[in-house]
Amino acid sequence: MDLSRTSAGDLAAACRRETDRFRSGQPSADEYCFEVFRRAICDRDEAAWEAVVVQYRGVVLTWVQRHGGASVEDADYWVNRTFDRFWSAMRPERFGLFEGLSRVLKYLQMCAATAVLDELRSQRATAHESLDQLFGTRHGAERESAGAELGDPAGVDAEASAVERLAGQELWGAIAAEVPEEGERTVLYYSFALGMKPAEIAGKRPDLFAGVPDVYRIKRNVLERLRRSPAMKRFAGESAEDEAGARKGPPTPFTRVTQRPDQSGGTA
Amino acid sequence: MTTTGCIDPGTVTPESLLAYVDGEAPPDVVRHVSLCPTCAAEAADLAALQRRLGHALYRFDCPPGQTLGEYALDLVAPEERTVIARHVLDCLRCTAELRSLRAFLSGDELLEVAPQGLLAGIRRTVATLFAPSPSRDLAGVALRGGPSIAQTYRAGELTLTLAPGPQPRRGRASLMGLIVREDGELEIPAGSTARLLAPTGAAESAEIDDLGNFAFDDLVPATYALELQLGDDVVVVEDVPMAS
Chain F
1 MDLSRTSAGD LAAACRRETD RFRSGQPSAD EYCFEVFRRA ICDRDEAAWE AVVVQYRGVV
61 LTWVQRHGGA SVEDADYWVN RTFDRFWSAM RPERFGLFEG LSRVLKYLQM CAATAVLDEL
121 RSQRATAHES LDQLFGTRHG AERESAGAEL GDPAGVDAEA SAVERLAGQE LWGAIAAEVP
181 EEGERTVLYY SFALGMKPAE IAGKRPDLFA GVPDVYRIKR NVLERLRRSP AMKRFAGESA
241 EDEAGARKGP PTPFTRVTQR PDQSGGTA
Chain L
1 MTTTGCIDPG TVTPESLLAY VDGEAPPDVV RHVSLCPTCA AEAADLAALQ RRLGHALYRF
61 DCPPGQTLGE YALDLVAPEE RTVIARHVLD CLRCTAELRS LRAFLSGDEL LEVAPQGLLA
121 GIRRTVATLF APSPSRDLAG VALRGGPSIA QTYRAGELTL TLAPGPQPRR GRASLMGLIV
181 REDGELEIPA GSTARLLAPT GAAESAEIDD LGNFAFDDLV PATYALELQL GDDVVVVEDV
241 PMAS
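Just so you know, the sequences run in chain order F and L. Residue numbering for the first sequence follows the numbering used here, beginning at 1 and increasing consecutively. Residue numbering for the second sequence follows the numbering used here, beginning at 1 and increasing consecutively.
Isolated chain F (complex conformation):
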């Protein structure tokens, strides 16, 4: 069968039939379903995308229900988030990376998992004090603005998350300028970006720290300095409005994976 000439309806029917055969343990072919995905992604064919959602909604629902982090009563919400995320991330130019149906479905499954994962991250972050309390309303306004521009829930979350990371990078830039010494910066990074306790830090970097008391001493010194630092006060205050938006700090001694240029759309 020449799949390129097959109608979307016939392809969808063939995909459904082969999936049923597969589930019942019979020999089956995956090229029909793969072609439905290809048309949806590469041709941005709406009928094909509709067929994908209809065909795989139940599977995604099963994944979401099996994922411990998602609440079952919100399953439909997570299913929609999964497809939104998949649609955003799976650009036509990337489709060639996926050699067959099982790889495409694995990616869809990964989108289900990471939609929940990012939400859990976000919930844990807001369990602390809100950013608005720390920096006035600037970042809150940015988050709302980002959401309004994108107009879809997945995009809002991705953009809001990017804004929060950007705020963290700005703050890290200010800190890096105040704290040039590697040991002090390492204590701050491990303590606040990675949430490690002094004992864990001392164990992780015996090359930098003589022991737990050493980490406490350094942490106390650097916190005291930050508390009195004009730059930090400026960053936290309204007077930082004109400069904080453009300020970027030097790279951390660790990684800067969030600064990839292709990340702003929430895709990788």
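Heads up, some of the hints might be wrong.
[Unchecked claim] Once the Cα atoms are required to be at most 16 angstroms apart in a straight line, the calculated EDC-like pairs of lysine to aspartate or glutamate come out as:
#: 1; chain 1: F; residue 1: Lys204; chain 2: L; residue 2: Asp90
#: 2; chain 1: F; residue 1: Lys197; chain 2: L; residue 2: Asp22
#: 3; chain 1: F; residue 1: Lys197; chain 2: L; residue 2: Glu24
[Unchecked claim] With the C-beta cut set under 10 angstroms, the calculated list includes, among others, these residues of chain F facing chain L:
#: 4; residue: Tyr107
#: 5; residue: Leu208
#: 6; residue: Lys219
Derived from the structure by calculation, the hints contain no laboratory data. Think of the CB as a built atom: it goes at the ideal place given N, C-alpha and C, for glycine as much as any other residue.
Place chain L on chain F using the hints.
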């Protein structure tokens, strides 16, 4: 605390006050802070500052979930893979998320019992922890060295015993394993291998000999996943913690 107004200056150092804020202070410091309004106020200020920094910097350079997912599926470019791997080694939260992602992405019937292709005919079994066993259980079999703690897993009719290997280099770990069958009829197919998968995605392989032994040495301490490829069977042990 040295702050003016402390009811007992010199009793509590600035470092121990910080330990109090972190919930790790000794009882005498806790008692002092409960009695001293000045130190209690100082502790509250420190806690607020830490809370603010903790929120603003919270995972600010962790890879987003989607990137971590693509990393788990080996879809990121090599140079980015290295950067993420380095981050994951440091970040306990990303390590936990990556492990959870990998567990979630494995074992799905729809995807794994592929009708065609490389996975055809492969049977995959997840081994379950049976019981810790004393090291003497390993005596007299093909394992050598002096393991102190052994773990026994079951996967179908196979029993798998894992134990630390002998004397790794300082800061490194080693692992020895033994596969036996309940009925003693173990036949290890030629070419059988054991693979250790690090949270970073790095993998180490070792041959499984005809007695069911395999060994890894010079490992970075981490929690690994272990895969035993025995002909058409794959046995998986999801979490193998390895300390130095």
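How the hints compare with the structure:
1. Of the supplied pair hints, the one linking lysine 204 of chain F and aspartate 90 of chain L holds, its CA atoms being roughly 8 angstroms apart against a limit of 16 angstroms.
2. Restraint check for lysine 197 of chain F and aspartate 22 of chain L: satisfied, since their Cα atoms lie roughly 8 angstroms apart, inside the 16 angstroms limit.
3. A hinted pair counts as satisfied when its Cα atoms are at most 16 angstroms apart, and lysine 197 of chain F with glutamate 24 of chain L qualifies at roughly 9 angstroms.
4. Nearest Cβ of chain L to the Cβ of tyrosine 107 of chain F: about 7 angstroms, under the 10 angstroms cut. The hint holds.
5. Given the 10 angstroms rule on beta carbons, the hint for leucine 208 of chain F is violated: about 13 angstroms separates it from the nearest Cβ of chain L.
6. For lysine 219 of chain F, the interface hint holds, the least distance from its beta-carbon to any beta-carbon of chain L being 6 angstroms, beneath 10 angstroms.
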